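Working from the sequences, and respecting the hints, build out all of it.
Note that the sequence shown covers residues 197 to 735 in the working numbering.
Quick caveat, the hints were computed from the structure, so don't treat them as lab data. Computed from a prediction, not measured in an experiment: that's the story for all the values here. One or more of the hints may lead you astray.
Unchecked claim - Here are the simulated BS3-like cross-link-like pairs (lysine-lysine), alpha carbons at most 25 angstroms apart as the crow flies:
1) 285 / 466
2) 285 / 234
3) 287 / 254
4) 287 / 249
5) 671 / 593
6) 598 / 671
7) 249 / 264
8) 598 / 554
9) 264 / 727
10) 432 / 466
11) 249 / 285
12) 554 / 593
13) 264 / 287
14) 598 / 497
15) 497 / 593
16) 466 / 287
As the list claims (entries may be wrong) - DEER-style ranges, computed between Cβ atoms:
17) 535 / 442: 52 to 62 angstroms
18) 577 / 255: 22 to 32 angstroms
19) 649 / 727: 47 to 57 angstroms
20) 567 / 664: 42 to 52 angstroms
Idealized CB from N, CA, C, for every residue including glycine.
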Amino acid sequence: MRRLLFLKAISAVLFLFWGTAAIAATANGSGSVEGIVKDALGRPLAAVALELKAGDGKVLARTTTDTKGHFIFRGLGPGNYQVGARNPKFKPAAAMALVAAGSTGGVAITMEAAELTLPVVLQRLDTVRTRLSPTTGGSSYHFSQQAIQNLPGGNNNQITQVLLQAPSVAQDSFGDLHIRGEHANIQYRIDGVQLPSNIGFFLQTQSPRFVRSMDLLTGALPAEFGFQTAAVVDIKTRTGGYENGGDIEFYGGQRNTLQPSFEVGGTRGKLSYFATGQFLNNDRGIEPPTPGPSAFHGNTKQGSFFGYASYVINPNTRVSLISGTGLGQFNIPTACCVPPSFTLAGVNDVNPNAFSSKMVQESQVEQNYYNIISLQGTVGSNITWQVAPFSRYETIKFNPDKMGDLIFTGVATNIFRSSFVNGLQGDMSYELPHNNTARAGFYFSGESGQLDNHALTFPADEMGNQTSTTPIVVKANQHFTTWLYDGYVQDEWRPNEQWTINGGLRFDLIDDVRRSNALMPRFGAVYIPWKPTTLHAGY
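Rendered as structure tokens:
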């Protein structure tokens, strides 16, 4: 009997031990390591061979990624594991994973190509440069290259005509854009570099042929944007790194519209380039004061050129040159049957109707040249930076009709305006833990301008009545220098996929006729309750 009781006790102890061991084994083997493998551009990689190693280097399991780059190792106990990734087209990569009891360790592995091709390097640098320009708080309207080509006329439009497709954008008879009721005050940026404000009134010669994508930013903009904030036109340029070859086009139509153009792009070693140009002739360069599609004296001739070249110094750094030119000659349209307001000796002093308003021939010539050299790079996977010196030169020359302007307005003025701007811009972003991105930057420019006005006008009494039919000369010439300085810091926080919050501080100083400055806090938030609905708020 005692022997039987002893055997039962031993059996109970063994059963308890085996049961406890089984429960412990189940608990220790319920963890997993799950993750995704991507290339340097963030694209998932399929058919990547993976090895799971224990802390002592022993290989525990093997698997491969699926078509979405996903993988998982199951049945793991608590501990540290290493996941190694191999693919013939990429350099080997590895990542560590910590697995707690019954939990899943997440892993993200980035594999660098064994031989980096120029398109891959350029696309990666283009991708990281987008970190420098946030849009939090404002509204963004995006134009892809395909969307531009789908417009009537496609690339034969002007950039202003493309922007008119966006909500709240209108154009006046002088060609100036108005966004949300604001007059002009639009900032243009090319590859993240702000172009100095232009003085042109009618010159809208730039073709969207050089545009890879374009965003119109409005509303409460982040601290990065200043000086001109009615809207920001953010342009990303095309480059020969993605497209080799070229074409020649000819576009034409009513009102003597003739528009030949060309595009060419390609690569040579680490150098990529792209260039485009066009010439435009038509009889409706400026909105006329007369009804109907045809204008009196409305001919215009415009030409533009855009060139881009970049050289990859190393996989993390490149230098780029952007150069653009716009030239335009505009005849000022006239009105019909306007009665004369003044008398000019030897012209209409005998016959008031000797000079018709249709005969007035005013014109304006505009020139615009700009150059940008940008040095862009990354440090590790967290820091992106860009430094860009720039230069811009513009002129406007208005040629009056001396007789016509004196007879109908009382003043005939030769006007010449020029502006020469040089400056430097720098921006940096730093990816911080907990889904934060810190940004900082500066902008500095100096502008030298000239305004020459040489006018013919009639003498008048205190009541403004003409006292002589012989005009006199009045000169008003000015020269000005303007200095602009600004700096900003800001932080963007993404607590989850629905929320993006941005807070920053901006300082601006303008030194021209008088010195003025401003310190401005900026705050913006974006909330996506459900796609495609987005709510914006900003201060």
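So, going through the hints one by one against the coordinates:
1. 285 / 466: Holds, because 20 angstroms separates the two Cα atoms, which is no more than 25 angstroms.
2. 285 / 234: holds (13 angstroms)
3. 287 / 254: holds (22 angstroms)
4. 287 / 249: This hinted pair holds, its Cα atoms lying about 19 angstroms apart.
5. 671 / 593: holds (16 angstroms)
6. 598 / 671: Between residue 598 and residue 671 the Cα gap is close to 15 angstroms, so the pair holds against 25 angstroms.
7. 249 / 264: holds (23 angstroms)
8. 598 / 554: Distance of about 14 angstroms is within 25 angstroms: holds.
9. 264 / 727: holds (23 angstroms)
10. 432 / 466: The hint holds at about 20 angstroms.
11. 249 / 285: holds (23 angstroms)
12. 554 / 593: Holds. Residue 554 to residue 593 sits at ~22 angstroms (cutoff 25 angstroms).
13. 264 / 287: The hint holds at about 19 angstroms.
14. 598 / 497: holds (23 angstroms)
15. 497 / 593: With a Cα-Cα distance of about 15 angstroms, the restraint between residue 497 and residue 593 holds, given a limit of 25 angstroms.
16. 466 / 287: OK: residue 466 and residue 287 at ~21 angstroms, within 25 angstroms.
17. 535 / 442: 52 to 62 angstroms: Cβ of residue 535 to Cβ of residue 442: about 55 angstroms, so the range 52 to 62 angstroms holds.
18. 577 / 255: 22 to 32 angstroms: The hint (22 to 32 angstroms, Cβ to Cβ) holds, given that residue 577 and residue 255 are roughly 28 angstroms apart.
19. 649 / 727: 47 to 57 angstroms: holds (56 angstroms)
20. 567 / 664: 42 to 52 angstroms: holds (50 angstroms)
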